[in-house]
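Protein sequences appear in the order of chains A and B.
For the first sequence, position 13 matches number 13 in our numbering, and the numbering has no gaps at all.
For the second sequence, position 82 matches number 82 in our numbering, and the numbering has no gaps at all.
A hint or two may mislead.
As the list makes no split between identical chains, a pair holds if one copy fits it or if it spans any two.
Calculated lysine to aspartate or glutamate pairs in the DMTMM-like style (CA-CA distance at most 20 Å, straight line) [stated by the list, open to error]: (1) 48 with 72; (2) 9 with 36; (3) 45 with 72; (4) 122 with 78.
No wet-lab data here; the hints were simulated from the structure.
Protein chains: 2
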Amino acid sequence: MSNKAKGSKAERELVRLFTEHGWRAVRVAGSGMHEDSPCDLIAGKKGKKGCTIEAKSSKKSRIYITKAQIEDFIVFSDMIGLKPVIAVRFNREGWLFLDPLKRHLEDSGKYWVVSLERARKKGKRFGQFF
Amino acid sequence: MSNKAKGSKAERELVRLFTEHGWRAVRVAGSGMHEDSPCDLIAGKKGKKGCTIEAKSSKKSRIYITKAQIEDFIVFSDMIGLKPVIAVRFNREGWLFLDPLKRHLEDSGKYWVVSLERARKKGKRFGQFF
Numbered sequence: 001m002s003n004k005a006k007g008s009k010a011e012r013e014l015v016r017l018f019t020e021h022g023w024r025a026v027r028v029a030g031s032g033m034h035e036d037s038p039c040d041l042i043a044g045k046k047g048k049k050g051c052t053i054e055a056k057s058s059k060k061s062r063i064y065i066t067k068a069q070i071e072d073f074i075v076f077s078d079m080i081g082l083k084p085v086i087a088v089r090f091n092r093e094g095w096l097f098l099d100p101l102k103r104h105l106e107d108s109g110k111y112w113v114v115s116l117e118r119a120r121k122k123g124k125r126f127g128q129f130f
Numbered sequence: 001m002s003n004k005a006k007g008s009k010a011e012r013e014l015v016r017l018f019t020e021h022g023w024r025a026v027r028v029a030g031s032g033m034h035e036d037s038p039c040d041l042i043a044g045k046k047g048k049k050g051c052t053i054e055a056k057s058s059k060k061s062r063i064y065i066t067k068a069q070i071e072d073f074i075v076f077s078d079m080i081g082l083k084p085v086i087a088v089r090f091n092r093e094g095w096l097f098l099d100p101l102k103r104h105l106e107d108s109g110k111y112w113v114v115s116l117e118r119a120r121k122k123g124k125r126f127g128q129f130f
């Protein structure tokens, strides 16, 4: 399976997770590799603040996101008036949710990094986060 | 060109229109025919209320939208906290924008209808609407 197909599959899994919790989520067209989309999902639930979601899954123990991508994600979320959320999934860990506006990501120069250790420490499960 | 390809082309044209006016717009995945997406675009601009957009273009003089689709569109927009907007484009008319929460659509039983005449009367150009 290509990385793009894996990304789409992970996004659809995340859409289902939102749906199971009574949210409604949509995937943004053109998300995945080499395309210029400012986020992967947009989700809402009555009585909650709507969210933009950047989803990343990996079989490795560190996830890298370029600073340009995170900046674009935060600027877009602000323009549209929704709350930016980073969703990460490591092997056998399930989805964990992080706030890019808090110190949940580690700075490594060109990239923001989420390590498995960091995600376990700072990340929250769906029910805790939302 | 298939209806789906025409729809995607019209949506991309609309994304450009938003971009030209300093907005940022994204297309929702799975929009187009026979798919279950609650809107076509999501757009925002700093200082403006974010919008969900349902886009319809036609070479005929009447555009039909099922009531179920409009209801789903309005419910989703409300869940996510964005303003629903209908964008219609008839041949040689350019895009016109309508508010589905006002009496901009005509009731024809199973469908809400936007006629060219109605769109000219009730619809607004981008700069007037937003």
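Status of each hint after checking the structure:
1. Taking the shortest alpha-carbon separations for residue 48 and residue 72, only the inter-copy value of 18 Å comes in at or below 20 Å, while the best intra-copy value is 23 Å.
2. Within a single copy, residue 9 and residue 36 get their C-alpha atoms as close as 19 Å, and across copies as close as 17 Å, so both meet the 20 Å cut-off.
3. Taking the closest pair of Cα atoms, residue 45 and residue 72 come within 20 Å of each other only across two copies (13 Å); inside a single copy the shortest separation is 24 Å, beyond that limit.
4. For a Cα distance limit of 20 Å, the shortest separation of residue 122 from residue 78 qualifies neither inside one copy, at 23 Å, nor across copies, at 31 Å.
Against the hints set out earlier in the document, a violation occurs for number 4 only.
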